[in-house]
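Undergrad: Going down the list, the protein sequences come from chains U, Y and W.
Residue numbers for the first sequence follow UniProt numbering, so the first one is 1 and each next one is one higher.
Residue numbers for the second sequence follow UniProt numbering, so the first one is 1 and each next one is one higher.
Residue numbers for the third sequence follow UniProt numbering, so the first one is 1 and each next one is one higher.
If you are wondering where the hints come from, they were derived from the structure by calculation, not from laboratory data.
Where is the CB? At the ideal position from N, CA and C, for every residue including glycine.
Treat the hints with care, since some could be wrong.
Cβ-to-Cβ under 10 Å is the rule here; a few derived chain Y residues that face chain U [claimed, not checked]: (1) Ile-28; (2) Ala-30; (3) Thr-31; (4) Arg-32; (5) Asp-34; (6) Met-43; (7) Gln-66; (8) Met-93; (9) Thr-96; (10) Ile-143; (11) Gly-171; (12) Tyr-175.
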Amino acid sequence: MSTQPPLLLALDLVGTFAFGLNGALTAIRATRLDVVGVVTLGMMTALGGGVIRDILIGSVPPATFQDWYYFALALAGALIAFALGHWLHRLEMPITVLDAVGLSVFAVIGASKAIEYGLGAGPAVLLGVITAVGGGTIRDLMIGQVPTVLRSELYAIPAMVAATLTVAALGLEIYGLGAALAAAAVCFVIRMLGVRFGLNAPRPPGSAAQRR
Amino acid sequence: MSTQPPLLLALDLVGTFAFGLNGALTAIRATRLDVVGVVTLGMMTALGGGVIRDILIGSVPPATFQDWYYFALALAGALIAFALGHWLHRLEMPITVLDAVGLSVFAVIGASKAIEYGLGAGPAVLLGVITAVGGGTIRDLMIGQVPTVLRSELYAIPAMVAATLTVAALGLEIYGLGAALAAAAVCFVIRMLGVRFGLNAPRPPGSAAQRR
Amino acid sequence: MSTQPPLLLALDLVGTFAFGLNGALTAIRATRLDVVGVVTLGMMTALGGGVIRDILIGSVPPATFQDWYYFALALAGALIAFALGHWLHRLEMPITVLDAVGLSVFAVIGASKAIEYGLGAGPAVLLGVITAVGGGTIRDLMIGQVPTVLRSELYAIPAMVAATLTVAALGLEIYGLGAALAAAAVCFVIRMLGVRFGLNAPRPPGSAAQRR
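Work the whole structure out from these sequences, hints included.
TA: Here it is as structure tokens:
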């Protein structure tokens with residue numbers, strides 16, 4: 001990922017740390033784990049989406065296994081969550097904001113990396129979304145929950161918007177730091193509006209009776 | 001997969017659509033999902049087996065990320081299930097039949113692609129089965145259920161028969177459209193007999209007491 | 001894996017058989033499965049960690065799909081568990097011992113294979129652990145349980161010690177049969193002490209109230 005501009009790289013690192021922290025906190029809240037479990041799930045949340053993307057585009061070993069600072073930041077986030085978990089719950093909003101930064105940047109970087117590896121526009125959008133939501137999905141599977149991203153909240157949809165904007169900018173040859181930040185910002189704003197107003201993606205028609 | 005004869009390709013596309021539709025319907029019935037979840041699970045059911053196969057044989061990016069019509073058919077099936085889910089329950093038998101078509105063709109194509117990539121007979125049979133049942137297995141994991149294929153019904157076994165016949169026909173150098181359709185037809189018949197007569201694969205001896 | 005010394009290879013094969021047997025037994029105890037499920041889960045337990053490692057280091061098709069004897073031993077273990085499951089419960093301690101042999105050897109071989117494929121020290125340790133615990137993690141996911149390795153017992157930690165010793169020995173250029181066996185022996189002893197004294201990895205501070 002070292003081909004990204006420095007500011008985007010910095011946001012990517014912030015997002016990795018935030019995903020590690022938030023992923024580990026979510027895991028601690030949901031089930032009984034030991035230190036191995038908390039750290040593993042925090043790191044899977046932070047790094048899992050990128051690993052799946054790299055396997056799918058044929059970039060192995062995945063970037064995570066080569067750039068030690070992603071690894072270190074995810075580990076740091078998870079260890080902080082392990083040590084300070086019961087105190088961090090008070091910081092819910094700042095953590096949600098940082099998580100939205102990660103979601104946004106991961107979607108942009110994931111889509112642009114897929115294009116760089118020669119994939120088409122549709123698959124690149126999908127890979128941007130997978131980068132952004134894949135790690136949290138693995139974590140939810142591991143703790144025995146239907147992944148949140150499949151059930152409620154606006155989470156995959158803002159990532160898809162950012163990935164689509166990224167692929168469009170690359171196609172129009174206007175992709176650069178400005179376009180990347182703009183795409184990420186759109187995702188961030190949609191995600192935070194969703195959090196603020198409790199928005200959900202549409203449910204299947206006629207499913208109201210099954211809602212409890 | 002474009003090296004397959006046109007008729008087999010057509011059946012493969014029918015199967016992809018049927019898996020997308022059936023996978024999404026199964027997911028809707030089992031748990032509460034939004035549009036992201038229904039579409040994701042339908043597409044995972046339709047495309048997941050082939051993606052796992054392609055990763056394992058080293059054919060990346062997977063075919064699904066290159067041939068947009070698989071993607072489009074899986075998406076169409078999942079969207080139809082999302083929109084018409086509560087009405088489609090009346091069409092259970094036609095959907096089961098189409099699903100069995102998909103199972104049969106996926107097993108044949110999966111096994112022949114593995115041989116094409118230089119794998120041995122045993123692994124090729126296994127990869128045929130993985131192609132056929134892998135997508136449904138991922139879906140069941142995602143909705144928090146022990147995969148149906150591991151518990152009951154004749155589902156993996158007909159796929160294994162078809163994959164074995166395919167590998168044998170390739171070994172005898174008699175593989176072609178006729179052999180492929182014959183192998184798929186055997187799988188289809190075993191699967192439909194299993195559905196008709198409620199057949200199950202054997203359970204561990206002495207497990208009767210645990211059966212409720 | 002044929003570049004390993006013969007004694008290590010023999011232990012690797014013992015471990016594969018033990019993982020197949022133990023994985024299938026664990027699956028039978030936990031949920032209702034048919035023969036497809038028992039055999040699949042036994043084989044996933046035995047071979048899953050190595051397959052994940054090989055995908056991540058770019059060694060595809062995975063070794064398991066090329067060396068038929070791993071496949072055969074895992075299958076044999078799973079079939080014995082299927083046929084004799086209710087009788088094998090009396091042999092719990094011998095099976096736990098064999099399982100610890102597998103854990104130890106898988107960690108050593110996994111880490112050394114990662115170094116052989118050019119990965120750095122940190123990723124190689126991680127890949128050793130993944131090789132050792134990945135199969136059991138997949139099995140637990142499939143049967144709807146939060147993976148044991150994330151919750152309790154000393155299981156990942158001894159594997160991490162063995163992988164670290166292996167990577168250190170390779171770095172010091174003293175790796176050979178002696179060093180490999182020593183690293184595996186340390187893992188084995190820690191694991192068996194953990195079993196004997198019921199040791200667990202630390203839990204998050206303040207989580208006592210959630211412990212039942």
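Undergrad: To test your reading of the hints: which numbers does this structure violate?
TA: 8, 9, 11, 12
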